[in-house]
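Peer 1: Please put together the full structure from these sequences, using the hints given.
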Amino acid sequence: MENDTIAAIATAMGESSIAIIRVSGTDAVTLVDHIYQGKNKLSTVATHTVHYGHIIDPTTKEKIDEVLVTVMLAPRTFTRENVVEISCHGGLVAVEQTLGLLMSTGIRLAEPGEFTKRAFLNGRIDLSQAEAVIDLIRAKTDKAAKIAIRQSEGKLSHHIRALRSEIVETLAHLAVNVDYPEYDADVLTSQYVVDRCMSIKKDIDKLLRTAKQGKILREGIATAIIGRPNVGKSSLMNALTQENKAIVTDIPGTTRDVIEEYVNVRGIPLKLLDTAGIRETEDVVEQIGVKRSEEALQNADLVLLVLNHSEALQKEDMRLIEKSKAYPTIFVINKTDLPRQIDYEEIKKYIGDRPMISLSVKAEQGLTQLEETIKTMFFSGQVDMNDQTYVSNARHIRLLEQAKASIMEVMNGIELGVPLDMAEIDMKNAWQLLGEVIGEAVAEDLIDQIFSQFCLGK
Amino acid sequence: MSYHASTYDVVVIGAGHAGCEAALAAARMGCQTLLLTLSLDTIAYMPCNPSIGGPAKGHVVRELDALGGEMGKNIDKTHIQMRMLNTGKGPAVYALRAQADKVLYQREMKKVLEEEPNLTLHQNMVEKLLIQDGVCKGVITRTGAEYHAETVVLTTGTYLRGKIIIGDLQYESGPNNQQPSVNLALHLQELGFNMVRFKTGTPPRINSRTIDTSKMEIQPGDEEPRAFSFETTEYITDQLPCWLTYTNEKTHQYIQDNLHRAPMYSGKIEGRGPRYCPSIEDKIVRFADKNRHQIFIEPEGRETLEMYVQGLSTSLPEDVQQDILRTIDGLEKAEMVRTGYAIEYDAIVPTQLWPSLETKLVPGLFTAGQINGTSGYEEAAAQGIMAGINAARKVQGKEPVILDRSEAYIGVLIDDLVTKGTNEPYRLLTSRAEYRLLLRHDNADLRLTDKGYDIGLIKEERYGRFVAKRDAIEKEIARLRKTKLTPNAEVQAQLAVLGTSEINNVMELANLIKRPELSYQDIMKLSPPPEKLSEEVMEQVEIQLKYEGYIQKSLQQVEKMKRMEEKRIPHWVDYTKVSGLSSESREKLQQVQPVSLGQASRISGVNPADISILMIYIEQGGRTA
Ligand SMILES: Cc1cc2nc3c(=O)[nH]c(=O)nc-3n(C[C@H](O)[C@H](O)[C@H](O)COP(=O)(O)OP(=O)(O)OC[C@H]3O[C@@H](n4cnc5c(N)ncnc54)[C@H](O)[C@@H]3O)c2cc1C
Ligand SMILES: Nc1nc2c(ncn2[C@@H]2O[C@H](COP(=O)(O)OP(=O)(O)O)[C@@H](O)[C@H]2O)c(=O)[nH]1
Numbered sequence: 239m240e241n242d243t244i245a246a247i248a249t250a251m252g253e254s255s256i257a258i259i260r261v262s263g264t265d266a267v268t269l270v271d272h273i274y275q276g277k278n279k280l281s282t283v284a285t286h287t288v289h290y291g292h293i294i295d296p297t298t299k300e301k302i303d304e305v306l307v308t309v310m311l312a313p314r315t316f317t318r319e320n321v322v323e324i325s326c327h328g329g330l331v332a333v334e335q336t337l338g339l340l341m342s343t344g345i346r347l348a349e350p351g352e353f354t355k356r357a358f359l360n361g362r363i364d365l366s367q368a369e370a371v372i373d374l375i376r377a378k379t380d381k382a383a384k385i386a387i388r389q390s391e392g393k394l395s396h397h398i399r400a401l402r403s404e405i406v407e408t409l410a411h412l413a414v415n416v417d418y419p420e421y422d423a424d425v426l427t428s429q430y431v432v433d434r435c436m437s438i439k440k441d442i443d444k445l446l447r448t449a450k451q452g453k454i455l456r457e458g459i460a461t462a463i464i465g466r467p468n469v470g471k472s473s474l475m476n477a478l479t480q481e482n483k484a485i486v487t488d489i490p491g492t493t494r495d496v497i498e499e500y501v502n503v504r505g506i507p508l509k510l511l512d513t514a515g516i517r518e519t520e521d522v523v524e525q526i527g528v529k530r531s532e533e534a535l536q537n538a539d540l541v542l543l544v545l546n547h548s549e550a551l552q553k554e555d556m557r558l559i560e561k562s563k564a565y566p567t568i569f570v571i572n573k574t575d576l577p578r579q580i581d582y583e584e585i586k587k588y589i590g591d592r593p594m595i596s597l598s599v600k601a602e603q604g605l606t607q608l609e610e611t612i613k614t615m616f617f618s619g620q621v622d623m624n625d626q627t628y629v630s631n632a633r634h635i636r637l638l639e640q641a642k643a644s645i646m647e648v649m650n651g652i653e654l655g656v657p658l659d660m661a662e663i664d665m666k667n668a669w670q671l672l673g674e675v676i677g678e679a680v681a682e683d684l685i686d687q688i689f690s691q692f693c694l695g696k
Numbered sequence: 229m230s231y232h233a234s235t236y237d238v239v240v241i242g243a244g245h246a247g248c249e250a251a252l253a254a255a256r257m258g259c260q261t262l263l264l265t266l267s268l269d270t271i272a273y274m275p276c277n278p279s280i281g282g283p284a285k286g287h288v289v290r291e292l293d294a295l296g297g298e299m300g301k302n303i304d305k306t307h308i309q310m311r312m313l314n315t316g317k318g319p320a321v322y323a324l325r326a327q328a329d330k331v332l333y334q335r336e337m338k339k340v341l342e343e344e345p346n347l348t349l350h351q352n353m354v355e356k357l358l359i360q361d362g363v364c365k366g367v368i369t370r371t372g373a374e375y376h377a378e379t380v381v382l383t384t385g386t387y388l389r390g391k392i393i394i395g396d397l398q399y400e401s402g403p404n405n406q407q408p409s410v411n412l413a414l415h416l417q418e419l420g421f422n423m424v425r426f427k428t429g430t431p432p433r434i435n436s437r438t439i440d441t442s443k444m445e446i447q448p449g450d451e452e453p454r455a456f457s458f459e460t461t462e463y464i465t466d467q468l469p470c471w472l473t474y475t476n477e478k479t480h481q482y483i484q485d486n487l488h489r490a491p492m493y494s495g496k497i498e499g500r501g502p503r504y505c506p507s508i509e510d511k512i513v514r515f516a517d518k519n520r521h522q523i524f525i526e527p528e529g530r531e532t533l534e535m536y537v538q539g540l541s542t543s544l545p546e547d548v549q550q551d552i553l554r555t556i557d558g559l560e561k562a563e564m565v566r567t568g569y570a571i572e573y574d575a576i577v578p579t580q581l582w583p584s585l586e587t588k589l590v591p592g593l594f595t596a597g598q599i600n601g602t603s604g605y606e607e608a609a610a611q612g613i614m615a616g617i618n619a620a621r622k623v624q625g626k627e628p629v630i631l632d633r634s635e636a637y638i639g640v641l642i643d644d645l646v647t648k649g650t651n652e653p654y655r656l657l658t659s660r661a662e663y664r665l666l667l668r669h670d671n672a673d674l675r676l677t678d679k680g681y682d683i684g685l686i687k688e689e690r691y692g693r694f695v696a697k698r699d700a701i702e703k704e705i706a707r708l709r710k711t712k713l714t715p716n717a718e719v720q721a722q723l724a725v726l727g728t729s730e731i732n733n734v735m736e737l738a739n740l741i742k743r744p745e746l747s748y749q750d751i752m753k754l755s756p757p758p759e760k761l762s763e764e765v766m767e768q769v770e771i772q773l774k775y776e777g778y779i780q781k782s783l784q785q786v787e788k789m790k791r792m793e794e795k796r797i798p799h800w801v802d803y804t805k806v807s808g809l810s811s812e813s814r815e816k817l818q819q820v821q822p823v824s825l826g827q828a829s830r831i832s833g834v835n836p837a838d839i840s841i842l843m844i845y846i847e848q849g850g851r852t853a
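These protein sequence lines are chains A and B, in that order. Counting from 239, one number per residue, gives the positions in the first sequence under the numbering used here. Counting from 229, one number per residue, gives the positions in the second sequence under the numbering used here.
There could be a bad hint or two in this list.
[What the hints assert, rightly or not] Distance condition first, Cα-Cα at most 30 Å in a straight line; then the derived DSS-like pairs of lysine-lysine: (1) B:Lys687 to A:Lys439; (2) B:Lys781 to A:Lys444; (3) B:Lys781 to A:Lys642; (4) B:Lys790 to B:Lys626.
No wet-lab data here; the hints were simulated from the structure.
Peer 2: Here's what the structure looks like:
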């Protein structure tokens with residue numbers, strides 16, 4: 239069926255920060271060969287064998303990572319297609335770069351659930367599992383969509399929108415010159431288009447630089463700090479940010495009522511979501527507080543549920559504990575410097591053997607343990623910073639590079655004397671690629687632009 | 229009381245641009261065809277601008293001709309001038325446009341219809357469709373005649389519940405005071421069709437005796453002979469000019485002062501008008517900073533002094549229209565012979581159609597033209613021929629013919645309509661086509677003549693000529709690929725004469741021609757072809773080689789699209805049973821009922837995950853079925 243070659247991250251980062259990238263499709267082996275250097279070319283090795291080597295950037299010859307590569311030829315594979323699995327050791331950055339290089343060979347990033355879909359369509363997964371496969375695709379897509387929405391409010395999207403509107407204005411102008419040759423709009427000159435392209439290219443370059451430093455695009459494990467008012471959420475957040483140098487980020491806060499901070503806890507990027515932005519009195523607030531917590535929960539990869547050591551468990555606490563069941567959670571019992579009122583036996587009854595840390599923010603006791611616990615959960619794979627996050631980073635870089643290439647094509651074409659309306663095809667391409675970064679690629683936009691920018695008609 | 233009048237294979241309702249092509253196609257494919265229309269005096273009538281062609285639209289006329297349609301031939305016989313537009317740009321956007329002699333155009337088309345052996349022409353108003361077991365089996369006219377048929381093609385343009393609006397004045401009417409079609413419109417609603425109300429408009433006409441062309445710029449036709457049809461061999465040399473003038477501050481002020489009398493701004497118009505042909509009052513409100521607008525004065529024909537005032541479409545009251553005209557340079561004394569107006573009408577929501585243009589609701593009923601929410605003579609004719617072809621093929625028990633987006637602007641047009649629908653009268657634009665470079669004016673015959681021949685609308689003799697042309701192109705391209713220049717003194721000298729730089733290595737002529745400063749004529753000087761080639765062949769060789777890189781890029785994209793297009797969605801798919809679809813896409817899919825995954829993916833709101841889910845559902849059903 240579809241036999242183009244796709245790639246995705248197959249496992250979360252492990253203790254030794256190993257991640258596996260899985261590649262599947264007819265050309266999987268030959269394409270990976272383009273960026274792999276080892277004793278043998280992968281296209282010459284036997285099926286179901288493992289090889290040691292390096293991922294190399296074919297243009298700069300730079301070594302990106304030391305890897306183990308498993309080659310599995312169709313049909314005895316998960317997808318029944320040729321499959322290559324690359325175990326990367328170099329941490330997040332190496333994984334991202336490797337994915338980016340794979341894409342530059344023409345490999346496409348897998349859609350959510352696509353490996354499973356292929357396995358199914360190729361008869362590897364039983365017919366009776368169709369429902370499950372559909373559920374998986376749906377779930378993964380919804381998760382990806384959620385991330386896309388988060389990102390679409392960010393700064394990158396803002397830059398890209400500005401770039402796109404610059405391009406679409408030029409496109410509309412070119413289109414008007416073509417579709418309404420007698421209309422008295424200025425006829426765009428090649429020089430004008432080249433100038434625009436230069437400026438667009440410069441902007442894309444700037445975005446690419448930031449993207450590669452991982453500044454704008456890097457998200458982080460969305461960590462929601464939840465709990466009743468006054469249990470010490472803000473204090474905990476402050477403690478974590480003061481202790482750990484906050485990560486400089488260009489992503490502006492996205493949710494008005496939730497405060498976000500980026501911190502690096504033992505090498506793991508965390509995006510802390512504090513829900514305690516609001517302080518009022520009486521019962522109403524209790525409810526508001528709980529409601530905000532619940533909202534923060536929806537986007538969380540990890541939850542820190544704060545309880546008060548110096549008060550007995552309350553109804554709201556129970557409700558939050560109940561809610562937290564669906565998320566990787568660490569229970570934080572704060573204010574151990576005060577006399578104990580809380581019943582640990584009771585808590586245990588509700589949370590079982592999920593991690594619990596007692597600490598005092600005020601007395602600065604127990605924070606180290608909390609950080610240790612976060613790290614362990616991450617490397618044991620219990621917390622899975624959504625693959626989509628770093629995948630989308632690699633994908634964005636790839637799209638930006640492609641868009642830049644298209645813009646250069648426009649300039650090349652013009653230099654070679656190609657008519658503007660043909661060079662425009664590449665410009666439209668750039669516009670669409672940029673649209674893919676932020677999930678907008680509707681051609682109707684162009685037509686809207688034409689008629690709002692120019693006064694045409696009979 | 230109704231009576232059984234007679235039985236045909238195909239009945240076409242409406243002899244506008246869509247209906248004429250539909251009826252001719254069906255008749256020429258061997259179907260006994262009846263064409264019913266309100267008035268035999270308004271066959272192929274142009275209610276608005278007397279012109280055919282232009283970017284995208286002109287491409288469509290060429291495509292129509294390659295399929296065996298009539299519009300190109302008819303305008304070649306009846307124009308007052310022709311111009312090739314965009315000649316300063318790339319070959320993909322060259323576009324031919326003709327000014328028509330309106331009356332002559334109608335007369336010619338009428339004669340062609342009358343002479344067509346399998347075609348019967350009859351003046352009558354259809355009020356109802358004959359439906360048996362949910363299937364369309366014919367029509368009933370106002371006079372009570374029942375015509376039975378296997379298939380019916382409905383092409384009633386802007387007539388359905390038509391309403392003319394001029395200032396405060398409103399009355400039920402078809403275009404240009406023709407009778408409106410009210411009962412038929414109500415009947416379609418009763419049948420359960422989802423209808424929308426659209427609007428369009430037309431400018432006033434003036435008497436050329438009362439205008440001063442010395443204050444205007446002349447717009448002559450091209451001196452070089454031009455033709456739409458690949459078969460035309462005789463050219464009209466005696467052409468009439470058009471004229472260009474402009475509105476000015478006075479015009480704009482005058483319109484501003486009278487805006488309160490514009491029905492558009494007093495809320496009298498409910499129909500949705502197209503953005504691309506705004507009325508003059510609309511232009512002045514929306515583009516207030518523009519201090520002048522172009523006005524083209526175009527003759528309506530050779531035997532009349534009536535002139536069309538392009539750029540001044542309006543529904544302002546009559547007295548305002550007359551005064552506006554007089555503010556314009558050269559029109560100070562212009563006499564208005566017809567008043568401009570807006571017209572509102574019902575159209576069918578086109579997502580109710582299959583890509584064959586057969587309605588999903590009533591099998592056997594096809595619709596084409598402005599009734600499907602489009603605007604424009606060419607767009608109408610394009611749908612007309614496809615509906616006619618498919619109505620005839622249905623009678624003959626054959627699969628419908630569907631053009632895809634990489635084959636023809638006609639394919640783009642119909643796919644857009646049936647897949648995305650439209651919320652304003654739809655007009656073709658070159659930017660609607662993804663593969664513009666493949667859909668050129670010059671290669672319409674190469675794209676579609678095979679199809680026209682298979683369908684039976686291109687005769688043996690024409691096809692033979694076409695095949696010879698195609699062979700000659702291929703042979704010459706192959707020769708230029710084989711012929712190599714060696715960098716020796718003699719060759720370098722020849723290149724210098726042609727004004728191009730030396731070559732460093734052995735180079736094929738097919739590569740040399742890619743240099744912007746060289747044309748096929750130059751290459752011919754370096755190495756003449758063994759036999760003399762026609763102009764068209766040389767043109768093709770040059771375009772295909774010169775822009776090969778870009779053409780290849782487009783072809784690769786087409787490859788990808790085709791793969792999705794080939795994945796058909798079987799009839800048993802029940803979207804209500806596909807779990808996991810988002811509710812928006814479920815609803816859209818149910819409505820559009822796409823025939824392929826490719827079409828499904830173009831529906832707005834249907835995302836890649838929905839397509840994946842659909843694939844799995846189909847695969848599962850395929851295995852159990
Ligand atoms: C005022 C006006 C302004 C326009 N302006 C523009 C423009 O600026 N640009 C543009 O591209 N296009 C414009 N158009 C549109 C263009 O004229 C149409 O798109 C085109 O003519 C449609 O062709 P058609 O074959 O679908 O319908 P039409 O050409 O309208 O033909 C319909 C035919 O159906 C017949 N008919 C109707 N009802 C019945 C019935 N019940 N029984 C039998 N016969 C019937 C009529 O007699 C007529 O022959 C305008 C149209 C109008 C009316
Ligand atoms: N004694 C004690 N007080 C604390 C501790 N942590 C926070 N507090 C106090 O508890 C109150 C509420 O803390 P805050 O962080 O605003 O709680 P939030 O509403 O959950 O964000 C403040 O007065 C803090 O100073 C702690 O560990 N021990």
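Peer 1: Against each hint, give a clear statement of whether it holds in the structure.
Peer 2: Against the structure, the hints:
For the given pair, Lys687 of chain B sits about 53 Å from Lys439 of chain A by alpha-carbon distance, which is inconsistent with the 30 Å threshold. Pair hint Lys781 of chain B plus Lys444 of chain A holds up; C-alpha atoms about 28 Å apart against a cutoff of 30 Å. Proposed proximity of Lys781 of chain B and Lys642 of chain A is supported: the alpha carbons are some 17 Å apart, at most 30 Å. The straight-line distance between the Cα atoms of Lys790 of chain B and Lys626 of chain B is roughly 22 Å, inside the 30 Å bound, and the hint therefore holds.
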